[in-house]
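S.K.: Quick mapping for you: the protein sequence lines, in order, are chains E and S.
Oh and the first sequence: position 241 is 241 in my numbering, straight run, nothing missing.
Going from the second sequence to my numbering is simple: count from 1 and add 1000.
Hints in this document: simulated from the structure, not taken from any laboratory.
Just so it is clear, the structure is predicted and the values come from calculations on it, not from any experiment.
Each hint should be verified, as a subset may be incorrect.
[Claimed, not checked] Listed below are the simulated SDA-like cross-link pairs for lysine to any residue, each with C-alpha atoms no more than 25 angstroms apart in a straight line:
(1) LYS179/E to LEU1043/S
(2) LYS1270/S to GLN1349/S
(3) LYS1270/S to ALA194/E
(4) LYS1015/S to VAL113/E
(5) LYS1196/S to LEU25/E
(6) LYS1017/S to PHE197/E
(7) LYS1325/S to LEU228/E
(8) LYS1168/S to MET20/E
(9) LYS1168/S to THR253/E
(10) LYS46/E to THR258/E
(11) LYS179/E to GLU255/E
(12) LYS1058/S to LEU25/E
(13) LYS1304/S to SER1289/S
(14) LYS1325/S to GLY8/E
(15) LYS1304/S to TRP201/E
(16) LYS104/E to LYS179/E
(17) LYS1168/S to PHE281/E
(18) LYS1017/S to GLN282/E
(19) LYS1304/S to PRO122/E
(20) LYS1304/S to VAL1145/S
(21) LYS183/E to ARG1020/S
(22) LYS1017/S to LEU31/E
(23) LYS179/E to LEU1027/S
(24) LYS1168/S to LYS179/E
(25) LYS1098/S to VAL1079/S
(26) LYS1053/S to PHE197/E
(27) LYS1270/S to GLY8/E
(28) LYS1053/S to LEU1043/S
(29) LYS183/E to PHE1023/S
(30) LYS183/E to LYS1017/S
(31) LYS1196/S to LEU31/E
(32) LYS1196/S to TRP201/E
(33) LYS1058/S to VAL132/E
(34) LYS1196/S to PHE42/E
(35) LYS1058/S to ALA198/E
(36) LYS183/E to GLY195/E
Below are the chains, spelled out letter by letter.
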Amino acid sequence: MKRKFTLGLGLQYGLAVFFMLLFSLPLLFMLSSSFKNPQTIFADVKSWRAFFPVGEVSLEQYAGVFERLPLWQFMFNSIFISATVVILGLFVNSLAGYAIARLKFRGQNVILVFLIATLVIPFETIAMPLLVLVNSLPRISFEEGTIEFTTGWLNTYLVQIAPFVAWGFSIFLFVQYFKTIPKELDEAAIIDGAGFFAIYWRIIAPLAGPAYATSAILSFLAIWNAYLWPVMVVQTEALRPVQVGLDYFWAATSEEGTQWGEIMAYSSLITIPIIIIFVVFQRAFVASVASSGVKG
Amino acid sequence: MTTGIQSRLFPASLKAKSARAGFLFVLPAVGLMMLFLVAPVILAFSLGFTNAKFASPKDPEFVGLDNFTEMLSLAQVSVAADPSDENVAFDNLRELTKPAAQTQYSGMQVLAESYNDGGTQADFTIAGDALFWKSLRNTFVFAGVVAPLQGGLALALALLINSRIRGKVFFRTIYFMPVVTSMVVVSILWIFFYQKDGLANVLLDAVIPGYEPVAFLAEPSLALPAIIFMSAWQGVGFHMIIWLAGLQTIPGELYEAATVDGANKWEQFKAVTWPGLQTTFVFVLIIISIQAMGLFTQINVMTKGGPLDSTTTIVFHLFREGFRKNEIGYSSAIAIVFFVIVVAISIIQRRLTRERD
Chain E
1 MKRKFTLGLG
11 LQYGLAVFFM
21 LLFSLPLLFM
31 LSSSFKNPQT
41 IFADVKSWRA
51 FFPVGEVSLE
61 QYAGVFERLP
71 LWQFMFNSIF
81 ISATVVILGL
91 FVNSLAGYAI
101 ARLKFRGQNV
111 ILVFLIATLV
121 IPFETIAMPL
131 LVLVNSLPRI
141 SFEEGTIEFT
151 TGWLNTYLVQ
161 IAPFVAWGFS
171 IFLFVQYFKT
181 IPKELDEAAI
191 IDGAGFFAIY
201 WRIIAPLAGP
211 AYATSAILSF
221 LAIWNAYLWP
231 VMVVQTEALR
241 PVQVGLDYFW
251 AATSEEGTQW
261 GEIMAYSSLI
271 TIPIIIIFVV
281 FQRAFVASVA
291 SSGVKG
Chain S
1001 MTTGIQSRLF
1011 PASLKAKSAR
1021 AGFLFVLPAV
1031 GLMMLFLVAP
1041 VILAFSLGFT
1051 NAKFASPKDP
1061 EFVGLDNFTE
1071 MLSLAQVSVA
1081 ADPSDENVAF
1091 DNLRELTKPA
1101 AQTQYSGMQV
1111 LAESYNDGGT
1121 QADFTIAGDA
1131 LFWKSLRNTF
1141 VFAGVVAPLQ
1151 GGLALALALL
1161 INSRIRGKVF
1171 FRTIYFMPVV
1181 TSMVVVSILW
1191 IFFYQKDGLA
1201 NVLLDAVIPG
1211 YEPVAFLAEP
1221 SLALPAIIFM
1231 SAWQGVGFHM
1241 IIWLAGLQTI
1251 PGELYEAATV
1261 DGANKWEQFK
1271 AVTWPGLQTT
1281 FVFVLIIISI
1291 QAMGLFTQIN
1301 VMTKGGPLDS
1311 TTTIVFHLFR
1321 EGFRKNEIGY
1331 SSAIAIVFFV
1341 IVVAISIIQR
1351 RLTRERD
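Make the full structure from the sequences, and use the hints.
M.R.: The following block contains the structure:
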């Protein structure tokens, strides 16, 4: 089919390109500036050069950030925390989803209603009491070969992980998905004498790839970008995740003249990999966001 | 749900097994949610009625509704003023509000002021917690502007991508990129843009003749609008995807029928597209509003509530009270009010949109 080029279509392309610039130029600026020193950044602001890594470019800003900050440690922390939340979450939430969708037990419907009710509670509401709560939970630590029993989870990995493993939305997603898998599969397995966990693990879970992908993507993004909670519970530099590390770095340098080049290098390092992952898996990303709209 | 085959397959022993397995399988998730979600909710509702302080050796005391009266109390007072000396009015007010005055206005702070009768009388609006009211106002302004702005722009982008243009996937990918960029990165990036010698000023200078550059985040009247614009920029791609999913549920035959009937693009939108998007509309409106009500990261990174409290928000206020000042009791009371507002907003929006159908 041949497309007729009309004024309307021209206008649509114009708008599409305008928005493309609006959404991409700030990020191009971030990446380009990460190769420039602060003087060059400010000198380039008034021209198109601001958005391209041209002129005096180097990797000095990246070297500077790593010299100044334990950025590898921050990155390890964020990756470790996000990965643990995602993996444990996928297991715990899909197992609960399987039970609610496929098994029959007392209180099943009450639990489903309870899960839906938890979706309306904004995290901001419970952040402060949760801080009080985790501060009074028992803590077991291993120091120099001895086991110590103390109180309070502040400044641990655990406090950044445990509260976010179980997630009502994720369970709900699994319930919805598991219901679409034909019941005959379970029934055949039951006749063969398989236990319920085996059915979940060997038959149902392998068929629910898209639900796992959606849940993993949404919870990864939420934990990787988390800010309010880590600000509240982590003071130790060694346990700091990347977002809080960036905020502290910015706040610390803004007094002695902001190191914009290094800030942009740090920002690029924690943004570009996520954008690349997004571009590669964008079909899954888009599907997961779209499915978050289904619950309405 | 139970099919005939299934009930035959579920003899008594299997039923018992299923019941036990079901209980065991939901236990980890429900247990974790009890500890980290239900317990904090209960704790919020109980601490809100106490004077609890964080990590304080003293036990919290029950104070009834004190936190709520302090937070919500508002009053109008008029005092004599002197047009030539503005301190007079404030001195007179202080007589009423100083703690030693033991009046009903003791400890209250100025929220707004105006002068009457040629400056001889000053009318003050005073509040138990002026910052709370400012936070409430800013939060509503933010949500009230961001919801239509971001939701509307997201719909426009979705329609654009759903139109006849080529390179849909390319454009969609670009528009979505800010969504996967963290709010901390976005905030710091835009601090640079909003500086006096930053990109926003360079751009405006190029477009508007005789433009005077401003430091957006240092200007009380501009800081919140600047944060609104940035937030919409960051979040719009997310809602564009949801609108797109909604658009795809509208059957193509409806458009064909409308074209046959001679409807133009706008008439098609009114008769087919918009009615088909009603559920999506409610959903987008509710999630943007609720997200917007929770405005915190941008504020804490960019302005810390300033300049002159022009960007303080409810969540920022409860964070400041609870985390910075250790006033956990008062902070929990703010959280309760916040929760009530959020639930009320989603109920009202659901109602309003249902009635229109």
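S.K.: Now tell me, hint by hint, if it's right for this structure.
M.R.: Hint check:
| no. | hint | result |
| --- | --- | --- |
| 1 | LYS179/E to LEU1043/S | 35 angstroms, violated |
| 2 | LYS1270/S to GLN1349/S | 21 angstroms, holds |
| 3 | LYS1270/S to ALA194/E | 55 angstroms, violated |
| 4 | LYS1015/S to VAL113/E | 23 angstroms, holds |
| 5 | LYS1196/S to LEU25/E | 19 angstroms, holds |
| 6 | LYS1017/S to PHE197/E | 11 angstroms, holds |
| 7 | LYS1325/S to LEU228/E | 16 angstroms, holds |
| 8 | LYS1168/S to MET20/E | 11 angstroms, holds |
| 9 | LYS1168/S to THR253/E | 41 angstroms, violated |
| 10 | LYS46/E to THR258/E | 19 angstroms, holds |
| 11 | LYS179/E to GLU255/E | 56 angstroms, violated |
| 12 | LYS1058/S to LEU25/E | 54 angstroms, violated |
| 13 | LYS1304/S to SER1289/S | 22 angstroms, holds |
| 14 | LYS1325/S to GLY8/E | 58 angstroms, violated |
| 15 | LYS1304/S to TRP201/E | 48 angstroms, violated |
| 16 | LYS104/E to LYS179/E | 13 angstroms, holds |
| 17 | LYS1168/S to PHE281/E | 16 angstroms, holds |
| 18 | LYS1017/S to GLN282/E | 41 angstroms, violated |
| 19 | LYS1304/S to PRO122/E | 21 angstroms, holds |
| 20 | LYS1304/S to VAL1145/S | 21 angstroms, holds |
| 21 | LYS183/E to ARG1020/S | 20 angstroms, holds |
| 22 | LYS1017/S to LEU31/E | 57 angstroms, violated |
| 23 | LYS179/E to LEU1027/S | 20 angstroms, holds |
| 24 | LYS1168/S to LYS179/E | 32 angstroms, violated |
| 25 | LYS1098/S to VAL1079/S | 14 angstroms, holds |
| 26 | LYS1053/S to PHE197/E | 46 angstroms, violated |
| 27 | LYS1270/S to GLY8/E | 18 angstroms, holds |
| 28 | LYS1053/S to LEU1043/S | 13 angstroms, holds |
| 29 | LYS183/E to PHE1023/S | 20 angstroms, holds |
| 30 | LYS183/E to LYS1017/S | 18 angstroms, holds |
| 31 | LYS1196/S to LEU31/E | 21 angstroms, holds |
| 32 | LYS1196/S to TRP201/E | 58 angstroms, violated |
| 33 | LYS1058/S to VAL132/E | 14 angstroms, holds |
| 34 | LYS1196/S to PHE42/E | 11 angstroms, holds |
| 35 | LYS1058/S to ALA198/E | 52 angstroms, violated |
| 36 | LYS183/E to GLY195/E | 15 angstroms, holds |
Violated hints, listed in ascending order, are 1, 3, 9, 11, 12, 14, 15, 18, 22, 24, 26, 32, 35; each of the other numbered hints is respected by the structure.
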